[in-house]
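Residue numbers (the numbering used here), protein chains in the order written: chain C, 67 to 168; chain A, 194 to 359.
Hints may contain errors.
What the hints assert, rightly or not - With a cut-off of at most 25 Å between alpha-carbon atoms, the simulated PhoX-like pairs for lysine-lysine come out as follows:
(1) LYS155(C) / LYS167(C)
(2) LYS167(C) / LYS276(A)
(3) LYS356(A) / LYS155(C)
(4) LYS276(A) / LYS155(C)
As the list claims (entries may be wrong) - Residues from chain A shown here face chain C by an in silico Cβ test under 7 Å; the list is partial:
(5) VAL207
(6) LEU226
(7) ALA248
(8) VAL252
(9) LEU268
(10) PHE316
(11) GLY318
(12) THR339
(13) LEU353
It is worth saying that the hints were derived from the structure and are not from the lab.
Just so it is clear, CB atoms sit at the ideal spot from N, CA and C, and this is done for glycine as well.
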Amino acid sequence: MHPITTVHYLALSAALLLIGTVGVLTRRNIVVILMSIELILNAVNINLIVFSRIWHNMDGQIFAIFVITDAVAEAAVGLGILIALFRNKETVLADEIDLLKW
Amino acid sequence: MDVILFLVFAIIAVVCAINVVVQTHPISSAISLIGVMGSLAVLYLLLGAEFIAAAQVIVYAGAIMVLFVFVIMLLNAGAETRKGRSFMVQLLGVPLLIGLLGLLAYFVQRLYLPGVTVHFGGFRGGTPLDIGRALFTTYLLPFEVTSILILIAILGAIVLARKEMD
Numbered sequence: 067m068h069p070i071t072t073v074h075y076l077a078l079s080a081a082l083l084l085i086g087t088v089g090v091l092t093r094r095n096i097v098v099i100l101m102s103i104e105l106i107l108n109a110v111n112i113n114l115i116v117f118s119r120i121w122h123n124m125d126g127q128i129f130a131i132f133v134i135t136d137a138v139a140e141a142a143v144g145l146g147i148l149i150a151l152f153r154n155k156e157t158v159l160a161d162e163i164d165l166l167k168w
Numbered sequence: 194m195d196v197i198l199f200l201v202f203a204i205i206a207v208v209c210a211i212n213v214v215v216q217t218h219p220i221s222s223a224i225s226l227i228g229v230m231g232s233l234a235v236l237y238l239l240l241g242a243e244f245i246a247a248a249q250v251i252v253y254a255g256a257i258m259v260l261f262v263f264v265i266m267l268l269n270a271g272a273e274t275r276k277g278r279s280f281m282v283q284l285l286g287v288p289l290l291i292g293l294l295g296l297l298a299y300f301v302q303r304l305y306l307p308g309v310t311v312h313f314g315g316f317r318g319g320t321p322l323d324i325g326r327a328l329f330t331t332y333l334l335p336f337e338v339t340s341i342l343i344l345i346a347i348l349g350a351i352v353l354a355r356k357e358m359d
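Just chain C, same shape as in the assembly (with noise of 0.2 Å):
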């Protein structure tokens, strides 16, 4: 049986960046959008650790922190602006939002 290399590791994180784009792409419901970018940013941080592994030195883990922290943020302000937006147009639906379409 082949060992596990860090090889592995970066294409699980290639799928789940695709699938996270994908789901960004076609979703409509807002929330499902912003946990499809926590997918992307889950698959960043497999990287920073990958390559904080290969070179046996630990700033890609402090990065994977920093990482942490701004989906943290990004989260909560993100559902700041949701139930905002909720409360305003009464849906979650990214394509019932047009107020800017012309």
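Based on the hints, put chain A in the right spot on chain C.
Frame of chain C, contents of chain A only:
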């Protein structure tokens, strides 16, 4: 053992991630996302990033997902109906997706970095001791700036979600 652990949890992560995108009800997506976070924490442990694995479970699977589920319940969002997609999308969507996947796989293959073999306990640089030492010496300024970022996020969330008082 490491191979089995990696394969099992990588497959769980990818299947749950696909489930996040294809489920029509947001609650099902949120539960699947918790599965992704949990299995990724195991993969981080395999890479020797113990602190990140704990933070992944506590912050992502705990805090963020509770926030998501709370907002889904608050907004009472039902299942999402599919809308008819345009002809161009139906025609070009799958080929372009396969093209993007192929391009991504090509670059991962091309970029074949020194493929370090990963086994459990092979790298011991991610303990809370090491992380804390680096965070409070080398990366002290980014750490403090991050606290300001969090403060701004708290203020923004409160201001955005507050009910307008007349």
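> Hint by hint, which ones does this structure get wrong, listed from lowest number up?
Replying inline: none
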